[in-house]
Amino acid sequence: MDRIIATAEALWRMMRRIAEILLLLHWFNLLSVEGTRYSLPGKPTLTRCRSPEKETFTCWWEPSFDGGLSTTYALYYCKENSDTVHECPDYHTAGVNSCFFNKNNTSIWVNYNITVVATNALGSTFSDPVEIDVVYIVMPHPPENVGVTVLEDKGWPFLRLSWEPPHKVDTRSGWITLIYELRVKLEEETEWEMHLAGQQKMFNIFSLRSGGTYLVQVRCKPDHGFWSEWSSTTSIKVPDYFQRERSVWVMIMVSSAFIFLIITWLIHINSHSLKHYILPPVPGPKIKGFDKQFMKDGKSEGFFCDLVSIHFPATTTPNDEDLLVEYLEVCVPEEQELKMEDKGEDGCPKSESSTSDCDSGRGSCDSQTLLIDKCFKRVAPGLDIECSQTGTGANEIQDSPDVSSGRVKTWPSVYSPLSQHPVDLMHSLDKSKQHCLSDTLFPSDSSCPYHSHPDHSTNDNPDSTYWKFCFNNKQRLLLRPQMETQWQPHAYSEVNISATVRSSDYVEAHNISDENTVVLHSVSSSHDDREGTGYKYQGEDYSHVQRVGSDNVLMLQRGLMKEPVDTGFCKNQQANRAAGTSDTSPITRNQKPTVCNETTLSVNGPAANGYVDTATMFIKPTQD
Amino acid sequence: MLCSVCTAPVCTNAQVGCHAVSLNNLFDRIIQHSAKMHRVSNDLHQQFELHVLPSRNQVGRGGHICHTSTIMTPNGKENAQRMAREGLTQVILQLLMAWTDPLMNLHHSSTNVSVDMSSMVGELRRGVQRLAEKMHTLGLLTDPDSSVVSPEALMTSHPVPWRLMNLYDILYCFRRDSNKVHNYLRILKCRIVPEHGC
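Protein sequences appear in the order of chains V and W. So the first sequence is numbered by my numbering: it starts at 31 and just counts up by one. So the second sequence is numbered by my numbering: it starts at 123 and just counts up by one.
Derived by calculation from the structure, the hints in this document are not laboratory data. A few of these clues could be false.
[Stated by the list, open to error] So the derived list for chain V, only partly shown, Cβ under 10 Å to chain W, looks like this:
no.	residue
1	Leu53
2	Glu83
3	Glu85
4	Lys133
5	Ile138
6	Trp139
On a predicted model such as this, the values are computed, not experimentally measured, just so you know. Glycine included, every Cβ here is placed at the ideal spot set by N, Cα and C.
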């Protein structure tokens, strides 16, 4: 029994112990949980110390965890080279967790060793010490009284900024020297425009946008210190200076553009007439007395006579424009059948046995000297030409080809002043259709007074030294060679057409014995006579034989008259005329009109008349 | 306190063709020179702290003892303004005098410092002396007791020989003293010729 009781008591004690232990454990457990809240305070940190004017300064710190208990903070400092520890004199002026050092406690150029201590029930925690020198921690307040005004500089506005240093900073005594910086931007922009102003308290900003609103801010900094905060934003609106100007310019531009468009439209409308006004078209050739329609009608008989009213040799002054002498070349074949072969380059008939290039009588001969030379040679032998007066000349013609050639040679020189391209002329002559005047144009019944009648001697004056041959379908020969009295070649060689007429000597054909024989009568004429007074044939017109056509057609060419065989010829004439001397004169109706439809020929003096040697001439009616 | 005759150029020694510099102009030159000197010293100190100091296990910068600490310099604005012109001028000269030799030694001995700041200090000192003479001539420095002190008298008041200072101390102290000189000159200028920039 006792044993049972003893055992029960032991158990009871054990259980109590266990309970106590449990309780104790529980209590301890509770205790331990509560014990983590209480600890030493965390280590505070001094965040910054600043002095606004280099006379006072403030330090701020950042507390750490407080350890669950109320924690107090204290700031202690000691000055340089002194072991005296001082506590912060003012904890409240500068706010929470701050220490304010007033002027009495502030020494410049002195190192401060500052420490913040956090203390709670369990203990204290010291922060890391910080050494400062007030000189280097100056951060002033922002500038004050920032004023912005809009001023004008020659009509252009600009901003004038002005400000004052913060009132606490003493710059007047030189204690602090501040430099300023400002920034400007438009209200809607995002980027600021920075400007460093130095020590001045005024600044100008140019290049403004009229009508815009600008925001301005200023800040300052001591020599060695920190920049202040930006001042409060000052806004200003720039008035619309350029609105009026711009509108005026816009109006001017618009109106000028409008006017320009109108002018362009007008020009476009009248472009045709303007073109005619500015660049007048070249007038077509106008021949006095020349009637196209009349020509077309075919009644060219009288017309031609009217046209061919050439006074040959030209008695007029060399400047007579009516004198138009064209280069004529007549080639008489061996068979004494004068015809101008139109064989392209070879104007001569194939029957000719000349081994030469057979260039006689053809206009396309390359050698103008040879051209007439050969022709003349051919002509001469083929023709039984009698020249009463210039027998020698005739003989020369017949016997001395050289002389004749020499004579002939002069002809080109005679011709050349007029037509500088006689070869071309002949070319064109040859190649073109030969317009021969019909019989009606050169009627034998001589409605043309100046025509020599075919069947008899020409009515040339015996004084004339030219041969006149009238050759028509009936194979009349109308030839008016132009030669000197003695058929001297040299007489013509130096002819200067613009000068006196001295190369015209004429052999007049008095009669034509037969078809192939022409009695020539030299016309004695002096150069002087030719000057325009002595010619008895003033009233006579002579046709120049341009060439002989294939159909035994002679292309007659008056002094001024030109039968336009084709446009090419006309062009040549024109070119020749143009290339001639300055004595070219326009053709007048009375004197020597040209038949050329295209152009108006002008004669370059009386000497410019080109005359062809004997050749069969056939005058075709002009073609158009 | 405004000086009315300060802008009038004064040529001492009556030299022919003497180009007198106005007091205002002289002040500006001197202040610019001192600003440059301070800038150089500040850069030197910063460079030292960035490159040389981290290698050492130095905590903080405490314990700087400058050999110029015996020179009584005003440590505040009121103190500086309370000091007479002569006193300020003398302090400036003292400071400049005190730094000529250490800087020369620093330039020659230390490989880290390549800039010869002693020449700058010497030039500034001569300029301030010229300024003091000019002010004395103009009658601005009236206190005979605080006239320009001979250099020799200034040199003997150093308790701490500068040869004991290490490089870091020298740089630190010189940076501060150049700042002092610059500030004192500015105060002097704004007191004597306050027209520009004050």
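Q: Have a go at the Ile138 of chain V hint: is there a Cβ in chain W nearer than 10 Å to its own Cβ?
A: 5 Å, holds
Q: Closer than 10 Å between Cβ atoms is the bar; does Glu83 of chain V clear it against chain W? Give me holds or violated.
A: 9 Å, holds
Q: For the hint on Glu85 of chain V, just tell me whether its beta-carbon gets within less than 10 Å of chain W.
A: 6 Å, holds
Q | Restraint outcome when Trp139 of chain V is required to lie within 10 Å of chain W by C-beta distance | A | Trp139 of chain V check passes; min Cβ-Cβ to chain W is 6 Å, inside 10 Å.
Q.
Lys133 of chain V was flagged as interface toward chain W. Is the shortest Cβ-Cβ separation under 10 Å?
A. 7 Å, holds
**Q.** Interface hint status, Leu53 of chain V versus chain W (Cβ within 10 Å)
**A.** Given a least distance of 51 Å, the restraint on Leu53 of chain V is violated.
Hint 1 from the earlier list is the only one contradicted by this structure; the remaining hints agree with it.
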